[in-house]
Amino acid sequence: MSEPCQRFEKEAIEKLEAGEPLDEHFSTCPDCVKRHAQYRRMLEGLRTLHRGEPRAGWEQRTMEAIASGRRQARPSRRSVLVAGTAGLLAAAALVFLVVRQQPVAGHPTLAAVVHHRGAGQLRGEGVQPGDVIELTADRAGAARAEIRVYRNDSEVVFRCADGSRPSGTEQTCKDRDQRLVGSLVIPSIGVFQPILVTSARQIPEPTWSLKDDSARLIESGAAVTLAPSVRAY
Amino acid sequence: MFVEFRSPGYWNRYSLVVDPSGRDGDAGRSDEEFRRALVAGDFRAAVASLMRRHGTGVYRFCLHLLGDRATAEDVLQLVFVQAFEALPSYEARASALAWLLGIARHRCMDTLKGQRHRLRVVSSDASLPEVPDPAEGGDTTVSQRERQKALRECLEELSSAVRELVYLRFSAELSYDEIAELSGEQAGTLRVRISRALPVLRECLERKGMAA
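From first to last, the protein sequence lines are chains F and U. Numbering follows our numbering, in which position 132 of the first sequence is assigned residue number 132; successive positions increment by one, without gaps. Every number in our numbering is 233 more than the matching position in the second sequence, counting from 1.
A few of these clues could be false.
Unchecked claim - In silico DSBU-like pairs for lysine-lysine, Cα to Cα no more than 35 Å straight-line:
| hint | chain 1 | residue 1 | chain 2 | residue 2 |
| --- | --- | --- | --- | --- |
| 1 | F | 211 | U | 346 |
| 2 | F | 15 | U | 346 |
| 3 | U | 441 | F | 174 |
| 4 | F | 34 | F | 15 |
| 5 | U | 346 | F | 34 |
| 6 | U | 441 | F | 10 |
| 7 | F | 15 | U | 441 |
| 8 | U | 441 | F | 34 |
Stated by the list, open to error - The following residues of chain F were derived to be distant from chain U, with all beta-carbon distances above 12 Å:
| hint | residue |
| --- | --- |
| 9 | 15 |
| 10 | 62 |
| 11 | 67 |
| 12 | 200 |
| 13 | 215 |
| 14 | 228 |
Everything labelled a hint here was simulated from the structure, so no lab data went into it. All residues carry an ideal CB built from backbone N, CA and C; glycine is no exception.
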C-alpha cells in the first residue's frame, strides 16, 4: 500500500495562506482533496472555538464612561470592594486621629503626586503602570516616620523610612530634615494607597494587609495619615 | 499547468487573495464609517463605529487572554475608553482592529500582571463553561463538543506564541499584515509559522480520532 500524497501539507497550505493559486494536482489528487477537506473542517472549528459576547449594553456603558471621563465604566466587584475598604479605613483612621491624643507634635502630612512617564500615542489621561508616584511626608517632629504604599489593600509595594532604602530598583527614598521624600514606579494596575506612619516608638513591621496593619499601628500608639489613593489602569 | 483553483469553503475566507481584510465585506464599510468620523473630528461617532464593528472581536481576544468573562468585559470597556482618548493622535494603520487589539493586549497583560495570574492564551478557554453559539441555535451536537474539546487539547500542544498566532489568524481572522503590525514580526515569517503549525494540529486531531 503506497503512502498518501503529502503535497498538500508541504506545498498547498503555504500557498493558500499566501493567496497564491494552486496547481491542478490539488483538485485531482484524492489524497490532497481529502486533506483539504480536513483542513477546512479544522479551520472552521478554530473559527467557532472562541465564542462569547459581551453583555448587552456594554457600548452604552462605555460611552457613558467616555462622557464622564472615567477610565472604567463598570468597576469590578473586586475593585469596588478594595475602594470601599480603603475608604472605610481612611474614615476610621481619620476618626481615630481626631479622638485620640496625637502622639507627636503638629500634624503630619503626606502628599502624593503622579507623574506620567513615557507618554506615548496610546496612553490616555489616566494613571497607568509605569507612571511615577512621588510622595512627600512631613513628619511633624515625630521620632519615627515611615511612608508605605499598599496595593489593593493586600501588599506593601513601597516603604520609605528613616535611613532606609527601598528594595525596588525603581524606587527612591530620602530623609531631609523633617521630610521623607520618596518615589516609586507604578508596577501594575491596581489601587495604590500611600500612608504615612508617625510614632514616638518603634514602628511595627507590616503584615501585608492594610486593614491588619492599621489596627496594629494604632494599637502601638502610632498615627496613620492617608494620602489620596491612586488607581492605575 | 497552473489553474486559478480557489477551493470552496472556509479556507478562502482566510486567504488574502479573496479577502485582504480577512473578514467579510461589511468590514470595509464599517471601517470606512470610522475613518469618515475620524476625518470629521467626531471622535464619539468614530469610537461608536469601532465598538459596533470590533467590540465582539476585542472582547473575545480579551477573554482568550484572561479566561474570565467579567474581567474581559471590564478590559473591553477600558480598551475603547483608551481608544477614544487616543483617537486625536490616531494614525492610519493596516486596520483599526489590529490597533485595538494592540491596546487590548497591553491592558490584558497589565491585568494579568496585576492579578498575578499565569499568562493563559488559548488554553484558558478550556476552563470556561460551554456556551451555546446563538448562530447554531443551541444545536451543538455531542460530536461537535468533543471535536472542540480535542481542538483545545491540541492547541495546548503548541507553544504559547504559536497558539496566539493561530488564534489571531483563524479565530480573530486577522490578515498576516495585521498580525505583523500587532506582533512586530514579518508577515512572511508568520505565514511560515502557521504553515508548520497547522499540520501539527491536524496530526493531533487525527490521533484523537477527530480529523476525519
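Against the structure, the hints come out as follows:
In summary, the hint linking residue 211 (chain F) to residue 346 (chain U) is supported, as the alpha carbons are separated by about 23 Å, within the 35 Å threshold. With a CA separation close to 39 Å, the supplied pair residue 15 (chain F) and residue 346 (chain U) exceeds the 35 Å bound. Annotation: proposed proximity of residue 441 (chain U) to residue 174 (chain F) is violated, straight-line Cα distance about 63 Å (limit 35 Å). Between residue 34 (chain F) and residue 15 (chain F), the direct Cα distance comes to roughly 17 Å. Compliance with the 35 Å bound is thereby established for this hinted pair.
A threshold of 35 Å between alpha carbons decides the hint, and for residue 346 (chain U) with residue 34 (chain F) the separation of about 45 Å lies outside it, so the pair is violated. Between residue 441 (chain U) and residue 10 (chain F) the CA atoms are separated by roughly 22 Å; this keeps the pair inside 35 Å, and the hint holds. For the proposed pair residue 15 (chain F) and residue 441 (chain U), the alpha carbon gap of about 27 Å is at most 35 Å, so the pair holds. Of the supplied pair hints, the one linking residue 441 (chain U) and residue 34 (chain F) holds, its CA atoms being roughly 18 Å apart against a limit of 35 Å.
At roughly 9 Å, the least C-beta separation between residue 15 (chain F) and chain U is not larger than 12 Å, which violates its mark as non-interface. Some Cβ of chain U comes within 12 Å of the Cβ of residue 62 (chain F); the nearest lies about 5 Å off, and the non-interface call is violated. Once the 12 Å rule is applied to beta carbons, residue 67 (chain F) is inconsistent with being away from chain U; the minimum gap is 8 Å. Look at residue 200 (chain F): its CB is around 37 Å from the nearest CB on chain U, clear of 12 Å, so calling it non-interface holds up.
Once the 12 Å rule is applied to beta carbons, residue 215 (chain F) is consistent with being away from chain U; the minimum gap is 25 Å. Distance check on residue 228 (chain F): its Cβ is at least 20 Å (rounded) from any Cβ of chain U, clearing the 12 Å threshold; non-interface status holds.
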